[in-house]
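Protein chains: 2
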Amino acid sequence: MSKPVDNAVSTVRAYIEDHREAFLDDLAAWLRIPSVSAQPDHAPDVRRSADWLAAKLAETGFPTTEVWPTAGAPAVFAEWPSGDPEAPTVLVYGHHDVQPAAREDGWDTDPFEPVVVGNRLHARGAADDKGQVFFHTLGVRAHLAATGRTAPAVNLKLLVEGEEESGSPHFRKLIEDRKERLTADAVIVSDTGMWSEDTPTVCTGMRGLADCEIELYGPDQDIHSGSFGGAVPNPATAAARLVAALHDEHARVAVPGFYDGIVELTDRERELFAELPFDEEQWLRTAKSHATFGEAGHTTLERIWARPTAEVNGIGGGYQGPGGKTIVPSSAMLKLSFRLVAGQDPDHVEKAVTAWVADQLPAGIRHEITFGAATRPCLTPLDHPALQSVVRAMGKAFEQKIRFTREGGSGPAADLQDVLDAPVLFLGISVPSDGWHAPNEKVELDLLMKGVETAAHLWGDLAESWAEAP
Amino acid sequence: MSKPVDNAVSTVRAYIEDHREAFLDDLAAWLRIPSVSAQPDHAPDVRRSADWLAAKLAETGFPTTEVWPTAGAPAVFAEWPSGDPEAPTVLVYGHHDVQPAAREDGWDTDPFEPVVVGNRLHARGAADDKGQVFFHTLGVRAHLAATGRTAPAVNLKLLVEGEEESGSPHFRKLIEDRKERLTADAVIVSDTGMWSEDTPTVCTGMRGLADCEIELYGPDQDIHSGSFGGAVPNPATAAARLVAALHDEHARVAVPGFYDGIVELTDRERELFAELPFDEEQWLRTAKSHATFGEAGHTTLERIWARPTAEVNGIGGGYQGPGGKTIVPSSAMLKLSFRLVAGQDPDHVEKAVTAWVADQLPAGIRHEITFGAATRPCLTPLDHPALQSVVRAMGKAFEQKIRFTREGGSGPAADLQDVLDAPVLFLGISVPSDGWHAPNEKVELDLLMKGVETAAHLWGDLAESWAEAP
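Chains A and B supply the protein sequences, listed in that same order.
Note that our numbering has the first sequence beginning at 444, numbered continuously upward.
Note that our numbering has the second sequence beginning at 444, numbered continuously upward.
Among the clues, some could well be false.
A few chain A residues that don't get close to chain B, going by computed Cβ distances all over 12 Å [as the list claims (entries may be wrong)]: (1) D641; (2) R713; (3) E738; (4) H791; (5) A865.
Some chain A residues judged to face chain B by a derived CB distance under 8 Å, without partners named [stated by the list, open to error]: (6) K768; (7) S853; (8) A881.
Since the hints were derived computationally from the structure, they do not count as laboratory data.
For each residue, glycine too, the CB sits at the ideal point set by N, CA and C.
Using the sequences and the hints given, assemble the complete structure.
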């Protein structure tokens, strides 16, 4: 049994090696497009990114490539039928939009001018998520080269959305509207990461996300803190007191109803977490942080993978310029986000937070709260057979035991599961040090090529497992 | 007794009426100079403002006018000897720098292009403090015109500093260095306000001010709130928790030692406060606020005049742009200011706050705290005879009973008292609706002219009281 596998592995590797340079040049061209979905002035760039990808997928060989408009940024759809009437259909999901990035945020180089430093490719989107979408292009070509096929062993579909970094506000509607075209037997989400370079892993779940912006209004304009200070409510103080009240003394979220319905970790899941070679000092270095801190009674891995959070992403109010300005500010703002885990309902969380905020504020402080589109939490059953295909394909690429993790971040995987009624699996090669959403984001080139290899092995394995399934 | 007074009043009024237009044109020219001391790029404007004022005082008739450099912005000194060897010496204090102002802060017009709307002159500095410095120029001319003198009845000195809105960091050193030139029998501070247009008042004290900026550092860069959120400390949360902890449930400042040494209000002082026609609804309108809020057990007037405060002037951290950014921010900042009352020592408050902040922060959050130069609190004894001169001069101008207030704001009056060993009196005609430090700052033109009249009557009264003093 081992000979054909080894042959396939070496054929795939040789093909990838031959095409590596062109693949990286193409990826760099895509990374140069600043497809920041959160910033309205980058809307033309997000559209350009979609057009670029559609053209590149056509060049890759996909007979069908389409740019799908939404009420926001467009998504890219591509389809490559197997030709085999028995072949399963797989939908690969990723996104082509990126987080905001500016040189002054602390980047060593222009975030939209990719540079290779050693074995790393630095650019906004290198890992999250353009790199991980793009490995499927060379992956499917290597699959064809290694198998001598002219079409993939599965009916391959790609859906690459343009608003993931803005909370996918139109994604649910898009996939509902296009459900017929998107029908699949399994969904492969390529927007997650692995434990580390040395410990390849498959992710089995993502946290959900609800986020809101709260504007707090006090005096109708900034007023003199000498003339009025001490006798009127200060909206910056009110904002701060809200944030301080978000957590109790055990660092648990103090919003009543927040934990309703939550699915607690099983003993087996805790064991799998504990099997991983977690080194707190090293994790802190990756987190660029100087201490751990979080909900009492849980390990760091449990806190980031399986426990919900309330986080301040931004706070502002009053005078932030040089020197002092002795005012009671007129307004303040908060950007809060809540990571959600299996069992939590985003609508319920939104209602709970809305009621809690209104209840916390003193007389004289008016407020407005606006929620973005929520992302549901998602969990793949550990015993799902398709998970084994992913594990085997990764095993061929990495030649190591593949372990299990979860992802603390969020994606619209749960919507795909709901709407398409298909199991969702995760295939990602990013590592925590890649700096998602941070300055100097990068992807490890060796891992990126392992991603190509995994994709090259996956379609044959999945088609075979499907044929063998009862 | 009443005839000569009436004659003086009408002569003064006629003189002022004749010179009103030129006076307002000159003031407008000065207000056009954006002498913002807190913003380094306005340093040339602050110097230009000093030069302009020195030239104008020379034109007014002051035989000596000098621009005094400091390590920061320059002050203006002017001197006009009485010629009478028995005459007392009076030092008038004000400042020629202004608070920051920008059209986008909510101004209806350019803050540095004065406009008269009805009976109000709008410009940054119209009330705080250029208008109230400037009324002394026409005041002393009217005094000469009404008395037939060629020099004032007192030895008149003016000291107009250029860094009051930045906490007067070099003022103490300046007056210590120039103590010989500044020697005076009394100091008149023209940088305060009155109760209202209908209730003219003399101020008997100012609060002091200590302020600090606190920088809080968490992760070395912004990190992904999905990958790391819930397991590391967030500096924006730490900033918010500091602010929330500043006050206890009675809205008292919770920093241990903050109230040490404080002089409590006497029953007589509470009575004088209670005599004023305080209308909470009207006060709230002036404060542009929608509720009162403050230390339990005290009235609003007591809170703003005689109780110390801790106020957030600015807070910032993380992403404040459009849309969302799901990060744990790398840093956050706070600008806090503390109003101080008689008996509080700014150095002691600084030490107390510094120790308290260090004690509050969780592991993994590094901080830096920087205090600006403090301003001491100041209180004029109610029974001081010179206070009666001010009251009489105002009485002639306003033809009403003059009542007593305090000022919630802060000025370097206490330093003048300390260094020059002279009583400090307050003469101000600004009203609370003037919008100090706020957009659309203005001065009421009728009150500005009453200021001129008061200044015109004051020097003769003071010289006479001095001669009659035992």
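Now for the hints, and whether the structure bears them out:
1. Residue placement check: D641/A keeps its beta carbon more than 12 Å from all beta carbons of chain B (closest about 18 Å).
2. Interface exclusion of R713/A from chain B stands, the closest Cβ pair being 16 Å apart, more than 12 Å.
3. Here E738/A does not stay apart from chain B, with its beta-carbon only about 7 Å from theirs, under the 12 Å limit.
4. Interface exclusion of H791/A from chain B stands, the closest Cβ pair being 19 Å apart, more than 12 Å.
5. Every Cβ of chain B is farther than 12 Å from the Cβ of A865/A; the closest lies at roughly 23 Å, confirming the non-interface assignment.
6. Here the hint on K768/A is kept, as its CB sits about 6 Å from the closest CB of chain B, short of 8 Å.
7. Below 8 Å, beta-carbon pairs count as interface contacts, and S853/A has one with chain B at about 6 Å; its hint therefore holds.
8. A cut of 8 Å between beta carbons decides the hint on A881/A: the least distance to chain B is about 5 Å, and the hint holds.
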